[in-house]
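Asker: So you can see what is in the structure, the chains are spelled out below.
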Amino acid sequence: MNSAQMVLMVAAVLFALGLVGVLTRKNVIFMLISVEIMLNAAGMAFVAAGAKWQQPDGQIMFLFILAMAAAEVSVGLALVLQIYHQHKTMDVDRLRELRD
Amino acid sequence: MILVWMISILLIGGVACWLVAQRNQLACKWTALVAVIAAFLLPIIWYIQHTPAVGAGNNWLIDYQVKWIPAYGIGFHLAMDGLGFIMILLTSLLGVLAVLCSWNEIREKTGFFFFNLLWTLAGIGGVFVAMDLFLFYFFWEVMLVPMYFLIAIWGDFNRRYAAYKFFIFTQTGGLLMLLSILALYFIHGQQHSGNYTFDYFALLNTTLGNGATARWIMLGFLIAFVIKLPMVPLHSWLPDAHSEAPTAGSLILAGLLLKTGAYGIIRFVLPLFPDASASIAWWAMLLGVVGIVYGALLAYAQTDLKRLIAYTSVSHMGFVLLGVFAFRQMALQGVVMQLLTHGVSTGALFVLAGMLKERLHTRDINQMGGLWTAMPRMGALAMVFVMASLGLPMLGNFVAEFLILLGAFEVSPVLAVIASAGLVLSALYSLRIMQKVFYGQIQTITAPPADVSPREWIIMASLTIAIVFLGLYPQPVFDIVSGVVQQVARL
Amino acid sequence: MNQLLAYIPAFPLLGFILLSLFGRKLTNPVIAIIGAGTVCLAAITTIVLGVSFLQTPPQGGAWQQLLWSWFRVGTLSVDLSLRIDALTLIFIFIITFVGALIHIYSTFFMRHDADYARFFASMNLFVCSMLLLVMADNLVLLYLGWEGVGLCSYLLIGFWYDVPSNCRAANKAFLITRIGDTALLIGLFLLFKELGSLNMGTILQQAPKHFVSGGASITLITILLMVGGMGKSAQLPLQTWLPDAMAGPSPVSALIHAATMVTAGVYLIARMNGLFQLSPVTMAIVAIVGAITLFVAGCSALAQTDIKRILAYSTISQIGYMFLALGVGAWSAAIFHFFTHAFFKALLFLAAGVIIEALHHEHNIFMMGGLRKRMPEVFLTFLAGAAALSALPLVSAGFYSKDAILWYSWSAAGGNPVLWLMALAGAFITALYSTRLMLVVFWGDMRSPVHEQPDKGMIIPLIVLAFFSVTAGFIEWPHNLFHLTLFSDQVQQVLPQTVMKENEPSEWLFQGIAALVTLSGVYLGYVLYYGKSGVRWQQSPGLSATRDFLFSGWKFDQLYNYVFVKPYLFLTRINKGDVIDKLYNAIAQGSMRLNSWFSVSQNGSLRMYIVGVLAGILFIITLQLLL
Amino acid sequence: MVITRFHPVHALLYLAVSFFSSSMVFLSLGAPFVAALEIIVYAGAIIVLFIFVVMMLNLGRETAQQEKEWLKPKVWVIPAALVLLLLIEMIILLFSEDKQVMQIAVVEPRKLALSLYGEYIIAVELTGFLLMAGIVGAAHIGKHKKTELHRFLQNGHTDKEKTTYTRKTETVTTEQTAIHE
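Protein chains in written order, with this note's numbering: chain A, 420 to 519; chain B, 144 to 634; chain C, 486 to 1112; chain D, 75 to 255.
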């Protein structure tokens, strides 16, 4: 048991929690927040791996994930705004337009 | 060079039509007409200049070759022999007629229609002269896609279904052919120490023998071509496509597109895989005969005029398959003749069906009847082509079918006899057309439909002259293709 | 003289082209001149040719003219080339001469018809095709003419196309003859396979060397050719189309369905005599078919009430005689019967046409009657024709030809007492129904008023034909009566001489019996029908049933209907939608079904997707863990 | 805690806590630059972004009420079980690896920057494009869509949107600068 493995475990737990969040919440905002957690977990795993091999690549990947997360959040939240204005709800289950 | 000119006239003409149509519909039609007439005159002028060479049945009258993508051994190689010349002539003739017969029929998106029409024609023309397999495949696709649009946009009520079916069937075949082409390409490359090429003449030297590989590759080509032909279990796209397509579309489908299949078999399957194709010859002939009888049976049952004619095509194309795989000079000459005469006669029947539909707004033969009273000229014209379709001597189809059967009889008397029985069945369905449409009491309540207009006269008269000429003096055609046929028959 | 050959078919062809292109713009007299004139020109050409043929017979007994090479492929070479020898000459004489008379007649007969031009165009085309048929020097060209006459027959039977039954009759005629044609075509293939040529001269020359007499292949070939002939000549079992074919105008029945086209089968067999002689089996079959046909058709003629159907069945029966003669090897007798039959049967049809028109399109003989006084010219000419048909001794052409056939059917090498008896019975029946026809139509009470008297133009051809019906027989006398054999002298340049049995019985005896039988037939008819109208048939149920059976032509139509037509229609109907197409549609529908199953999962619920992804990941990881 | 809160703002606060702690983890892994970025971007920019949205949409007590109704055991048990399974498997996978002791080495920002603009230059540029696309996309989506609206949904328009739009762009730009520092 070393620290990298510990960190990876933490990352896995975080990822799992994020996933549970995405799966259980109906509110789009909460889902987005959960996605952020998952992304963070993934980044953490990268950094841990990078540290394990003593390479900067892991951190670089984290940077990219960070950038991506930022973009995703901005677009996602813009969509949330639109959805809320149009549908007056945040419930994903009621937003199903592809239904059957 | 003339071949390049011909194809590019059609391609450019098509684009020009599209552009012009934005301004003026009539000008667009004239542009199309001028383009197809130019494309028709080119080979004729060329023929007049080179008559002795062509008539002697020499091989490879024109050979035009430039590099296209040399890295992969792809060349822009066009060549024409007697067979190609005949098919080009048929293509350009029917092209002119197709433009003429859609003169009034197409009222919307005229420009795009003529664009598609001309591009299909260009593709067909290209297929008949491309001597590079990659280029061949290219033209093969060029003729399919515009045809799909012709059916899907200007077709009848059920056009979507028909267009999809047409496309899926032919595309399946096309992809199989592409696979086979690639397989052949690699096998040839390996055999000739890395000399990878798509050139037809180079590939002819590939030795394949009669192994499983050869058989599979051959089947890939064959399936593509017999779908086009069509052979019986693979024919079901044809009635739908034919009956739903606009008149010009049906004309081109029946007159030309089906011929590309037969052409492909004669040009590629037999020379490239002589042994492999000989080993399946009997089965192919059997399927041809099945096609003859089965198509005739189905044709008799139809009530939709265009569908009926479409099934007669299935029946007639059975003769082609029978003749090709008989491997006899006579039968092959008959096949070439059948390609021509079927193109003319069935094309004419489709044009007639189109004219009737324009007047009566129906294709159901139960709602027609007694039309001879109203349209004696059209009745007489229909009689000519109905008789051609049932193989009356004096008209071209007889010569073709006679030679095919005569050639096939030497190989397999039983099959030839069954095929001859198909002639009786052909009489059944052909007479049904006359009886239901032109004989009997006139049924239309409204004013009787008008007889043939001058424009239609031109179309029908040229087809009639062609079919009678082919029936009474077919020798020039036989002379022109004799070189090719002898080569293939020797295999 | 060679160069004239092409003109004979070219004149009618010219007429056809002119009439079909410009027919609608021309006035009736012009059409009549073109239509009848071209055939008359052909007839004149024929007569000129014939005279010079008789005066200076050509080298080898035939003239030939090559028009152009039709097609040459590999070893097959087919030319459009014409050939005239004695046999052909007889046929083209009948075709053009009788044809010209019928054309003249029809210029008057059809004058009220709107489609005057179409009628003459078809008639001209018919004459042209028929001429090509008999003048062809190879079998492919013969087949061209063969199909051409079939086409014209179809066009003319269905001439009044607005009546559905006419169209059905036309279709039936075309289809049934087409069956025979196809057999003929297969025969041609077989011949080509065996001999490598389709030129008649070559075939006849090489056949004896190539085939073993009585061998399987020659028998097959000849049987196929015979079936072809049977289709065109309406012999059993392909005879059912001819009675229905009477739906066409009367001149058509006279020209096509009595004088010329239906004898094409006779021509074919006579022309291919070299082949048929090599196969005794086929010869016997031809004779038997002929004998049965003449009897069956004769019986049917007895029961008919439609004047034209009586004549139609009688035509079938008379062609049966020709087949019988061919079968027993009496070649020249068959051709001679064709020769006389053409005159008297054309005459009978034309006269029937006059009567029918005069009585407002009344076809039923029991609605006629008493016409002897009202239409004396028609009566006299009809009498001449009927006499020839029933072969009244000495005074009619029919006697000479039919008597020869009767005689040969016993005494020729292929002859047989049974055949003779059948032929004799046929002769009796013929006499009976001819008498019945005469008596019912011309004697008794007048049941329909005569609506108009025929034109002179229609009577003249009748008189000419009547003259020939009486005198045409005089060019060939039975050997024992008077040795004059103008006809067989000519014919036997082409056809082999009839081989007789040894120790043949006396010909006198046979002539006596034949004459007696004919006269007794006439007498029986007189007894049965004179002064009464044939109501007596209905009185006995047995007789009535027989009459119905005969009336329907021995129920052949019904038989075919059940054996061929119904199953065919059933087959086509059930498969109208194309089974194979269904298969593809099933594939398409299967994938659509699959699609709809999958699209349930495509429901837009985000969480479902994620669960799907999760399940996939779980599955993969579990898999890795377990393996 | 983040995923179980009913009130969005509470959840966001817990999220910030989570980010801080993971930042500490990074620091302990020898990645100070990343730890700093984590705080600045995640805890700073992104959470601010969320909070803006929450404020704009005026999500408050009734939302929390709603969430309470939605978050029933029967909703979350099955996913949670599945995820638990996944977690177990992942941990098993982690421990099935070879257990070598890891040297924790500090990777300096300098080294990071060198390799970032060295071998990963294309990826950096692509990320730039991605952010650009994010900006443009967010701006486009946040725009007034009067004409393009689905006909069933046209009632949902309010005046609020104008303001939303402007603020949106602002936030995105701040975030961009944060990243490119």
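Keep in mind the hints are simulated off the structure, nothing from the lab. Where is the CB? At the ideal position from N, CA and C, for every residue including glycine. There may be inaccurate statements among the hints.
As the list claims (entries may be wrong) - Sample of chain B residues with no beta-carbon within 12 Å of chain C, all distances over it, derived:
#1 F312
#2 Q314
#3 Y339
#4 P417
Stated by the list, open to error - No farther apart than 20 Å at their CA atoms in a straight line, the calculated lysine to any residue pairs in the SDA-like style are these:
#5 D:K185 <-> A:M428
#6 A:K507 <-> D:Q139
#7 C:K1051 <-> B:V567
#8 C:K1061 <-> B:P597
#9 B:K579 <-> C:F1055
#10 C:K1061 <-> B:K252
#11 C:K510 <-> B:D594
#12 C:K1061 <-> B:A444
#13 C:K941 <-> C:F952
#14 C:K1067 <-> B:Q165
#15 B:K210 <-> B:D342
#16 B:K252 <-> B:Q165
#17 C:K1051 <-> B:S596
#18 A:K507 <-> D:M130
#19 B:K579 <-> C:K1051
#20 B:K579 <-> C:W645
#21 A:K507 <-> D:K185
#22 B:K579 <-> C:P649
#23 C:K510 <-> B:D507
#24 C:K1061 <-> B:D507
#25 A:K507 <-> D:H81
#26 C:K510 <-> B:S596
Stated by the list, open to error - So the derived label-pair ranges between C-beta atoms look like this:
#27 C:F959 <-> B:I601: 56 to 66 Å
#28 C:F1104 <-> D:E193: 50 to 60 Å
#29 B:I180 <-> C:G681: 16 to 26 Å
#30 B:V557 <-> C:L994: 44 to 54 Å
#31 C:I1059 <-> B:S422: 45 to 55 Å
#32 C:I532 <-> B:I601: 56 to 66 Å
#33 C:H597 <-> B:E501: 30 to 40 Å
#34 C:G997 <-> B:V611: 52 to 62 Å
#35 C:W1082 <-> D:M206: 39 to 49 Å
Asker: Each hint: holds or not?
Answerer: Right, here's what the structure says about each hint:
{"no.": "1", "hint": "F312", "verdict": "violated, 8 Å"}
{"no.": "2", "hint": "Q314", "verdict": "holds, 14 Å"}
{"no.": "3", "hint": "Y339", "verdict": "holds, 37 Å"}
{"no.": "4", "hint": "P417", "verdict": "holds, 19 Å"}
{"no.": "5", "hint": "D:K185 <-> A:M428", "verdict": "violated, 27 Å"}
{"no.": "6", "hint": "A:K507 <-> D:Q139", "verdict": "holds, 16 Å"}
{"no.": "7", "hint": "C:K1051 <-> B:V567", "verdict": "holds, 16 Å"}
{"no.": "8", "hint": "C:K1061 <-> B:P597", "verdict": "violated, 37 Å"}
{"no.": "9", "hint": "B:K579 <-> C:F1055", "verdict": "holds, 19 Å"}
{"no.": "10", "hint": "C:K1061 <-> B:K252", "verdict": "violated, 35 Å"}
{"no.": "11", "hint": "C:K510 <-> B:D594", "verdict": "holds, 15 Å"}
{"no.": "12", "hint": "C:K1061 <-> B:A444", "verdict": "holds, 5 Å"}
{"no.": "13", "hint": "C:K941 <-> C:F952", "verdict": "holds, 16 Å"}
{"no.": "14", "hint": "C:K1067 <-> B:Q165", "verdict": "violated, 43 Å"}
{"no.": "15", "hint": "B:K210 <-> B:D342", "verdict": "holds, 11 Å"}
{"no.": "16", "hint": "B:K252 <-> B:Q165", "verdict": "holds, 9 Å"}
{"no.": "17", "hint": "C:K1051 <-> B:S596", "verdict": "violated, 41 Å"}
{"no.": "18", "hint": "A:K507 <-> D:M130", "verdict": "holds, 13 Å"}
{"no.": "19", "hint": "B:K579 <-> C:K1051", "verdict": "holds, 19 Å"}
{"no.": "20", "hint": "B:K579 <-> C:W645", "verdict": "holds, 14 Å"}
{"no.": "21", "hint": "A:K507 <-> D:K185", "verdict": "violated, 49 Å"}
{"no.": "22", "hint": "B:K579 <-> C:P649", "verdict": "holds, 10 Å"}
{"no.": "23", "hint": "C:K510 <-> B:D507", "verdict": "violated, 32 Å"}
{"no.": "24", "hint": "C:K1061 <-> B:D507", "verdict": "holds, 14 Å"}
{"no.": "25", "hint": "A:K507 <-> D:H81", "verdict": "holds, 18 Å"}
{"no.": "26", "hint": "C:K510 <-> B:S596", "verdict": "holds, 16 Å"}
{"no.": "27", "hint": "C:F959 <-> B:I601: 56 to 66 Å", "verdict": "holds, 58 Å"}
{"no.": "28", "hint": "C:F1104 <-> D:E193: 50 to 60 Å", "verdict": "violated, 36 Å"}
{"no.": "29", "hint": "B:I180 <-> C:G681: 16 to 26 Å", "verdict": "violated, 45 Å"}
{"no.": "30", "hint": "B:V557 <-> C:L994: 44 to 54 Å", "verdict": "holds, 51 Å"}
{"no.": "31", "hint": "C:I1059 <-> B:S422: 45 to 55 Å", "verdict": "violated, 36 Å"}
{"no.": "32", "hint": "C:I532 <-> B:I601: 56 to 66 Å", "verdict": "violated, 43 Å"}
{"no.": "33", "hint": "C:H597 <-> B:E501: 30 to 40 Å", "verdict": "holds, 34 Å"}
{"no.": "34", "hint": "C:G997 <-> B:V611: 52 to 62 Å", "verdict": "holds, 58 Å"}
{"no.": "35", "hint": "C:W1082 <-> D:M206: 39 to 49 Å", "verdict": "holds, 41 Å"}
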